[in-house]
Amino acid sequence: MTLVPTPGQTVGPFYGFALPYPDGPYLVPPGSPGAVRFHGRVLDGAGQPVPDALIEIWQPSPRGDPVRETGSLHRDPFVFTGWGRAATDNAGHYTFSTLRPGGERPFLAVTVFARGLLDRLFTRAYLPGPGLADDPFLAGVEPGRRETLIAVDEPGGLRFDIRLQGPGETVFLHFPGQRPGTARPAGR
Amino acid sequence: MQIATQAGISAEIGAIESAHRGSGLEHPQPSLDYAPYRSSLLRHPTKDLHHADPERIELWAPCFGPQDVDPLEADLTVQHSGQPLGERIVVTGRIMDGEGRPVRNQLVEIWQANASGRYIHQRDQHPAPIDPNFTGVGRCLTGDDGSYRFVTIRPGPYPWRNHRNAWRPAHIHFSLFGTDFTQRMVTQMYFPGDPLSALDPIYQSITDPRDRALLVAAYDHDVTLPEWCTGYRWDVVLTGSHRSPFGQEEA
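Sequences listed follow chains H and F, in order.
Residue numbers 1 to 188, in full-length UniProt numbering, belong to the letters of the first sequence in order.
Residue numbers 1 to 251, in full-length UniProt numbering, belong to the letters of the second sequence in order.
Looking at chain F on its own, in the form it has when it is part of the complex:
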C-alpha cells in the first residue's frame, strides 16, 4: 500500500466524522474498524461483538494489594540515581464506575515516552535521546475515594509510520481495572491544547468530539506545586458494575 499523506489521512478522518454526525448514534468508544489508523486494517473483528451477560468470574475482578505495588512506583522520577530531564508534572484524578462510585484499591498502571519522545523499548528506534534517569513506567493502587496520583515527566510527541509526517500527540498510556472483569480497559491520556491531536488517527478514532474530550487532562493550578512541578487532573469513568449490591460487600 502506498503511504498516505497527512492531507489524505485528515480527509479520511473528516469523512468518517461527518458520517457519524449524521447518524444520531452514540459511539463513545473508538471504532475498531478505523482505516485512517492503518494498523487496524487486519486487526479489527469484522463480525459484530456478541452480546453476553456477565456471568460468574466476569462479575468479579482480580484483587491487588500492598504486596503488588510499592508506593514508590507512583513516582517515575525517583527510579534512577539522578533526576530525569523535562517538565516534572503531577497527574492525579479519580477512577469511578458508571454510577459515579469510586473504584477502590485497584491497580492503575501507566507507561509513556520520555521528554524527548523516546520509549525504553527495543523497537522504538526514533533517534531522540534516551534518558538514563527515566524508564517511563509507574503503578499505584487507587485510594478509598478512587483517587490515584503519579509524579512523572511530561512526555514528548514522537513520529510513527502510519502515514507521511505522522506524529503522535503527547500522551500517557493508562491501564485500569474496575470491580468487575468487564470494566477492564486500556486508554491514553492527552494534554490540553496539543496541535497534533486533530491530526492523529488514534485519538480521532473516537468519532464524537465530546467523547474524545474525555481523554484530555485539565491543567490544574491547585495540583501544581511551587518551585517543583505543574499539575494535571484527569478522571476516568469505567462502565457500570453488574454485580448486585449484595455481592459488592467484599469489593
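Okay, chain H solo, but in the shape it has when bound:
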C-alpha cells in the first residue's frame, strides 16, 4: 500500500435526514416469496438500546453469488441488489426484509455506525446450520464468543443482536491493511 487511508469519523447523531431512505431496509418487499426478516437490537455496554445506530447489510444472492445489480437507492421490486440500510428505532431495533443468502456457510456482511462510535465496525451474521464448525474463520474465534457471529433462526426470520461492549460483546472484524497500531512506515 502506498497511500495512507483517510481516517474515519463517527456518523454523529444527525444522519437521520440523510442516510436512511424509505426502501433502504427492504431488499425484497416484505411478505414476497422467499422474504425473511433479518432483525435485532443494538445494545451498548450498559445493555441499553442504541437508538441512533445505522446498520447496513451486504449479502450474496440465494444462489451464493455476489450481486452485480444497481438500484439499491431506487428499488425495482423485481431486482435483488443484495445491499440494504436501516436505522435503529427508539428501542435500538432494526429490521430488514431480504432473502436468505446462499452458498456454503453463508453470511451477511454487516456494518455498524452510531453516534459515539468513532469509526464503523464490521461483523458477519452467519446463517445457523450444519457445517459452521468446519468454517476456518469461525474455528479461529474463541469458543465463548463464536455465537455472537451466528444469527438465530426463528419463525419467519433471523435474529442478530449486536452488542457494542460488555457481556456478549459482538466479535467485530478488521481486515488486512486496517490493523490499528502498526509500526509507522519509514519516511512518512
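Derived from the structure by calculation, the hints contain no laboratory data.
Ideal Cβ positions, reconstructed from N, Cα and C, are used throughout, including at glycine.
Do not rely on the hints blindly, as some may be mistaken.
[Unchecked claim] Derived list of chain F stretches under chain H, where covered just means 3 residues or more per stretch with a C-beta under 8 Å from a C-beta of chain H:
1) 27-35
2) 198-210
[To be verified] To be clear about the criterion: a stretch of chain H counts as covered by chain F if any three or more of its residues have a C-beta under 8 Å from a C-beta of chain F, and this derived list gives those stretches:
3) 37-51
4) 75-83
5) 116-125
[Claimed, not checked] Some chain F residues close to chain H (C-beta under 8 Å, calculated; not the full set):
6) Asp53
7) Glu99
8) Val236
Go by the hints and put chain F onto chain H.
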C-alpha cells in the same frame, strides 16, 4: 458524571496524544476508545478487533448506477425554491484506493448543517435558524477518474453537550463506498484554519496530527468560480482492494 470543562477535556486530549507520540506506533484511524468523546464510553468494543481475511461477499461492493442518483442531487443549493443563505462553495476531489487507483462509479453521500450551524433533524434543538432553502443532503457517483463534485453552503459550527462550551468545528459528513465491502467508510471533512479543531474531541480522536490533517480540505482558487462561489479540494483514500486483478474486470 459531572460535566467536564473545556480545559479538562483539552488536558485529556493532550495526555492521549503525548502517550501516542512516545509509542512509535501508527494509528491512522481514530481510537474507538476515546474518553474525551464521552459518547464513546459505552459504545466502543473492549475486545481487540478480530482479524479476518475478506472472503466471498466482502471482496465485492454493492453497485450503484444512474437510477440511484439524479445528477441534480450533487447541488445542495437547488433543492428548494430559493437560494440558501451563506457562503456558496464547491467541494471536489478524488476517491482513490490505497494503491492510488480511482474508485469509479461509486456512491458518495454528504450531509451537513446549514450556514447557521443547524441540522434539519428533529433532535437538533440548537436555537439557530433553519434555512427553508437548505436541507443539507447531497449524493453523487464518482466519475471514471474517481472524482466527485458538490455545490453546497459552507456549514457553521454548532454547540453540543460533550462538555461545557463544546462547539464542533465546521464539517461536512461524507459516506463512501469502495470496490470491496471492506473499504466502506464514513468520515468528516473539515475546513482549514478552524480555531475549534484543536478543541474538538471527535477530530482529535485521530491522535497523530499528520493523520488528522488528512481530513482537512484545501482552499483551491482554481476551483473557486468568479462572482459565484469559493472552492475546496479534498481527496479521500480508502484502504486497498483485496480482490485479485483478475476479478476486478467488472469493477
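Now the hints, each set against the structure:
With 7 residues having a Cβ less than 8 Å from any Cβ of chain H, the region 27-35 of chain F passes the three-residue criterion, so the hint holds. With 5 residues carrying a beta carbon less than 8 Å from a beta carbon of chain H, the region 198-210 of chain F meets the three-residue requirement, and the given coverage holds. Only when three residues or more bring their CB closer than 8 Å to a CB of chain F does the claim for the region 37-51 of chain H stand; here the count is 5, and the claim holds. Counting residues of the region 75-83 of chain H whose beta-carbon sits less than 8 Å from any beta-carbon of chain F gives 3, enough to reach three: the coverage restraint holds.
Closer than 8 Å: that is the beta-carbon criterion, and the region 116-125 of chain H has 8 residues meeting it against chain F, so the requirement of 3 holds. This hint holds: aspartate 53 of chain F has a C-beta 7 Å from the nearest C-beta of chain H, less than the 8 Å allowed. Checking glutamate 99 of chain F against chain H by beta carbon gives a least distance of about 6 Å; that is within 8 Å, so the hint holds. Interface restraint check: valine 236 of chain F against chain H, minimum CB-CB distance 5 Å, threshold 8 Å, status holds.
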